[in-house]
Amino acid sequence: MVPSSAGGAGQGADRVARIVVRALDGHLRRVAATAYAVDAEASRARLRALHEDLGGRRVLLFYWIEDALPLMLGARLAEDLLRSEIAFIRDETIGGRITSGMLERTGRPVRDLRTTPAAARTRDVQDLICDPGWLGIAVDGRGPYRRVGRPFARLAARRDGFAIPLAARVDRAWTVRAGATLRIPRRGTSVTVRFGEPILCRSGADATLLQLVLQQGLDETVAAADRALRGGVARAATASS
Amino acid sequence: MPADAVDTVVRLIAIELEMPEDRVRSATSLRGELGMDSIAAANVLFAIEEELGVELVLEDVEHLDDVAEIARVVRRARPTTGS
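Sequence lines, in order, name chains A and B.
Position 232, counted from 1, in the first sequence is what the working numbering calls 232; the numbers after and before it change by one each time, with no gaps.
Position 75, counted from 1, in the second sequence is what the working numbering calls 75; the numbers after and before it change by one each time, with no gaps.
Honestly, the hints are just simulated from the structure, not real lab data.
Just so you know, these numbers come straight off a predicted model, no measurement behind them.
All C-beta atoms, glycine included, are put in the ideal place defined by N, C-alpha and C.
Among the clues, some could well be false.
[To be verified] The following residues of chain B were derived to be distant from chain A, with all beta-carbon distances above 12 angstroms:
hint, residue
1, 4
2, 6
3, 8
4, 14
5, 19
6, 21
7, 22
8, 23
9, 26
10, 28
11, 53
12, 80
[Unchecked claim] To be clear about the criterion: a stretch of chain B counts as covered by chain A if any three or more of its residues have a C-beta under 8 angstroms from a C-beta of chain A, and this derived list gives those stretches:
hint, segment
13, 42–51
14, 56–62
Based on the sequences and whatever the hints tell you, model everything.
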């Protein structure tokens, strides 16, 4: 449960999120039956290699909120793609509640990032800074979309570890704007998941510069995933013709 | 607990936000006036805990938005144990 510090509004959002999560979970199960995973083995191998290199370090996997549901589809098609030791950060946006609710249904751990009261948020931020493990976070859930914010860059620097851009792309999806921009994969879609180059985020790093580096890293990873998706779809079409 | 908790809080906020102590001292809202976000607040609390060797208790604190409130938290902090 998301903490109910926001009172009735927060509990109402919880109820809505639970209903949506159930519906989306069933939908993704049906989509997975007809979906095609592009380069899934390469993605798994890449994550294994990252774990071998950075296993003992603090890592933030960061992605656009629009990639959250495609990411879950990718994980459904390749069970070990999102390893269970990665904890996902749950904020109180509707997108955060929905995506973390779906992750929770798969048994993956979540970490809360409350909005209010301010002291609770501050303590949650402290817990995230101190967390020694791998965390996953959608960085644009509060908008502006597709932008890495300065607070995220400062959080990454304060953790004194690595940030890894993560993209999950689909070629058939509905785009829904309901408090967040979500992309809901459709039946027959292809999906690819791509991990970018780790970015060293040192404590005391210039936040403005780091923000630019993180933005560029995620933009490049998404662009590479889109290219891989188009290539994979084209190969599949050629093979079937 | 230190009698000069306010001074300590003001100094550490000024360092974190890179602004003069006078400006911090006169602000009525750290978030609204000085732009202190949750990362900065977390950094300030870390700095207070490290400098004073205490553990801050935030359970019944809500706003954490002015120097006096943070100083109150500092005054009732408990000493860090086990280190």
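Against the structure, the hints:
With a closest Cβ-Cβ approach of about 22 angstroms to chain A, residue 4/B is found to remain outside the 12 angstroms limit, as its non-interface label requires. The claim that residue 6/B is not at the interface with chain A holds, since no C-beta of that chain comes within 12 angstroms of its own (minimum 18 angstroms). Annotated as non-interface, residue 8/B keeps its C-beta farther than 12 angstroms from every C-beta of chain A; the closest such distance is 17 angstroms. Remark: the non-interface label on residue 14/B is consistent with the geometry, its nearest Cβ contact in chain A lying 17 angstroms away (cut-off 12 angstroms).
In this structure residue 19/B is separated from chain A by more than 12 angstroms, as the shortest Cβ-Cβ distance comes to about 16 angstroms. Distance check for residue 21/B against chain A: the nearest CB is about 21 angstroms away, which clears 12 angstroms, and the non-interface claim stands. The beta carbon of residue 22/B is kept farther than 12 angstroms from every beta carbon of chain A, the shortest such distance being approximately 24 angstroms. No Cβ of chain A comes within 12 angstroms of the Cβ of residue 23/B; the nearest lies about 20 angstroms off, and the non-interface call holds.
Distance check on residue 26/B: its Cβ is at least 20 angstroms (rounded) from any Cβ of chain A, clearing the 12 angstroms threshold; non-interface status holds. Listed as outside the interface, residue 28/B is consistent with that label: its C-beta sits roughly 15 angstroms from the nearest C-beta of chain A, beyond the 12 angstroms cut-off. The Cβ of residue 53/B lies farther than 12 angstroms from every Cβ of chain A, with a closest approach of about 17 angstroms, so its non-interface assignment holds. Residue-level check passed: residue 80/B sits 14 angstroms from the nearest beta carbon of chain A, beyond 12 angstroms.
Under a criterion of three residues with beta carbons nearer than 8 angstroms to beta carbons of chain A, the stated coverage of the segment 42–51 of chain B is upheld, 4 such residues being counted. With 3 residues having a Cβ less than 8 angstroms from any Cβ of chain A, the segment 56–62 of chain B passes the three-residue criterion, so the hint holds.
Hint violations for this structure: none, all hints satisfied.
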